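K.L.:
Chain by chain, the residues run as shown.
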Amino acid sequence: MTKKTLIASRRTVLKGAGALAFTGAMPAIVQAQGAPLQFGILTPLTGAGGFDGPRMLKAMKAVLDEVNAAGGLLGRKVEVVVEDDQTNPEAAVRAARKLIDVAKVPVIMGTWASAVTAAVAPLCWESKTFLTTVSGADSITLLPHQGYLIRTQPNNYLQAGKHAEFIASTGAKKVFVMSIQAPFAQPTQDRIKSVLPTKGSEMIGALIYEKDKTTYRSEVDLALKGKPDLVYLNGYAPDVTVILRDLYRAGFTGPRYAQSYAVTGKVLEALPPEATEGVITVQPSADVDSPAFALASKRLGIPEPDSYETQATDWASLVSLTVAKAKEANGTALKDNVRKICQGAGTKVYSAVEGLKLLAEGKEINYEGASGPCDFTDIGDIIDCKFRYNKITGGKPVFLKIA
Amino acid sequence: MENYLIAMAVSGCIYALMALGLNVIWGFAGMVNLGLIGFFAVGAYGTALTTLKLGFPMAAGMLTGTVLAAAAGAGVAMITARLRGDYLAIVTLGLAETIRVISSNTIWLTNGTDGLSNIAGPLRGQISPTQFNMLYLAFVATIVAVAYVLAERLRAAPFGRVLRAIRDDEQVAAVAGKDVMAFKIRAFAISAGAIGLAGALYAHYTSYIAPDLFVPLFTLYIKLALLAGGLGNNRGAVIGAFLIVFFLESTRFVIPLVPMISAVQGAALREILIAALLIVLLRYNPQGLVPERLPRLPVADAAPGKPQTI
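Protein chains in written order, with the working numbering: chain A, 1079 to 1481; chain B, -7 to 302.
For reference, chain A alone in the conformation it holds in the complex (with noise of 0.2 Å):
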């Protein structure tokens, strides 16, 4: 080759001219340097989860977005392989063999529905790809997944955690639970049991009760026999809206604690204020004194990303800098280095595009998100998140805090 190119025709300088022109005339070519990398989506897009899905996948495509105009991945396009699984864990397991199979993607990100995400989840470990999701139940990460499943959603065991503690700061030091009857109401009721006496505080009683009574007169009667200072009230609307008519009916004004979810507009609507007075209400909640929290708004150009949209933006972060740090693409890459990106000593970012720079000078750096600090156990939960309190004041929700 360098023989040749030493004794240069006239001809082969042309020819040489001419793959200059050809090249110089597709810069795009040569920037991404063969096929772009494919990331899976797969979220609900119709079905129950049809109003969470899209914005969690926009959320994800504005991220990509950025880190693509930043010059993309490993010198790739990142573009995004889209599946809806209609909220159904029979369509989902199909869509996810597509995905899989076909786009032979190493990250699927957005599933939403705890059953589908339990669907799904199989075919993730067993073919070494890498899955985000949002589903809260406690059952997701106890699967054997092997640390190809990550969830930026707190779970029960967490949230039931956080609230004890709440609970105790605000002062109560005997406490009633009262819970539906649901997959949440034992687990909360023995962490929250084991969490308050760590705090000065105690859970003096706790009962499960059945949904759809028009009364549970009995039931606030056997709480309120041993004085609580606090009622927890662990249900949803319905059965927490008769409980509050009950507990104002039976005397108790005292603080009443319940997820936000359970004490919606309708609720306050439906009571007079003086039975709603002073309840407390608590969600968890975007981390909005973060910095990735103003970059996701701005991103998002909306003023309050919600839970949902904040996650999703932490996923595609989470997975784009993993793949820079790994230097790699594979599910197997994914799960081993992600923790790498996202705890630890390395310099606190904010968005994918910030971590890449510094990943590039060979820097460390500890990725703190929208939707919270982001690190994760060995499970795949996440160790820390933002809650939002807010009380109930003349009938109107006032923010408290969030902590």
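Hints may contain errors.
What the hints assert, rightly or not - Where chain B lies over chain A, by a calculated footprint (3+ residues, C-beta under 8 Å):
#: 1; region: 1183 to 1196
#: 2; region: 1419 to 1427
Unchecked claim - Label-pair ranges, simulated between beta-carbon atoms:
#: 3; chain 1: B; residue 1: Ile99; chain 2: A; residue 2: Gly1278; range: 30 to 40 Å
#: 4; chain 1: B; residue 1: Phe48; chain 2: A; residue 2: Asp1290; range: 31 to 41 Å
#: 5; chain 1: A; residue 1: Asp1462; chain 2: B; residue 2: Met252; range: 40 to 50 Å
#: 6; chain 1: B; residue 1: Leu212; chain 2: A; residue 2: Glu1442; range: 48 to 58 Å
#: 7; chain 1: A; residue 1: Ala1372; chain 2: B; residue 2: Ala260; range: 25 to 35 Å
#: 8; chain 1: A; residue 1: Gly1473; chain 2: B; residue 2: Ala268; range: 44 to 54 Å
#: 9; chain 1: B; residue 1: Val93; chain 2: A; residue 2: Thr1410; range: 34 to 44 Å
#: 10; chain 1: B; residue 1: Leu127; chain 2: A; residue 2: Tyr1235; range: 31 to 41 Å
No lab work stands behind these hints: they were computed from the structure. As the structure is a computational prediction, the values presented were derived from the model and not from experiment. Even for Gly, the Cβ is constructed at its ideal location relative to N, Cα and C.
Chain A is already provided as a structure; the job is to place chain B on it using the hints.
P.N.:
Chain B in isolation, oriented as in the chain A frame:
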């Protein structure tokens, strides 16, 4: 790609087994059963609980699932003895929903809405996912082939003839001395048993079942499969099942080619496309791709030398 095609062929076989089962009750006997997902659930839970909780081998689990589903089918036939047409359809639909609600509330048994994970599959984990898929495909394809032969035998046998008589006119069948009730119960049991077996096969294939799986959407897919293939025809049932899986899956590859639409619009368009394909198919083939053909039976005593058909 091969692994994907194999996995879809397994889905096709499971759909085909359900369509064959549905054909016995709906195609032969003319009883509309909108509750097949309920029997599917009984079969799936039957085998999952037998293998997971009681530690029995898979074969025993599948047999238990099948038998339980068949028993449930017989039970439903007795409960709905006097119902036909739309009334039967509504009751069976309600029954399937009841089974789903029970499965999400009997937490001590079915683990509630969390579902049952880690259901064993033949050699799962010991061989590669592709090998597992191929092995399972061979297994379900054999079962569908056997079911097809049995269903064909049933169709040609006097039993099938009586079911068709019941479909055309129950009273005439009764007047001809047939115990209509007994035939209905047996037909329902056979149909539910096949669908239950499909449920058991599904459980061992995907390793996970949950109440969310047993929603009416699945029932509609199988109903459409049978309609598209040809009601009353076993070959049509199998062809229709594969056709539905083909429709469901091929649209995945077509939608990204449509310019100027978002993923959300694409998902909606995909469902519209599947519906449109079925409407077109049934517009031009109202009896399905393979219409029912009645078996030709020579009648021995009539008009000597000139075989007649009935």
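K.L.:
Hint numbers the structure violates, sorted upward?
P.N.:
2
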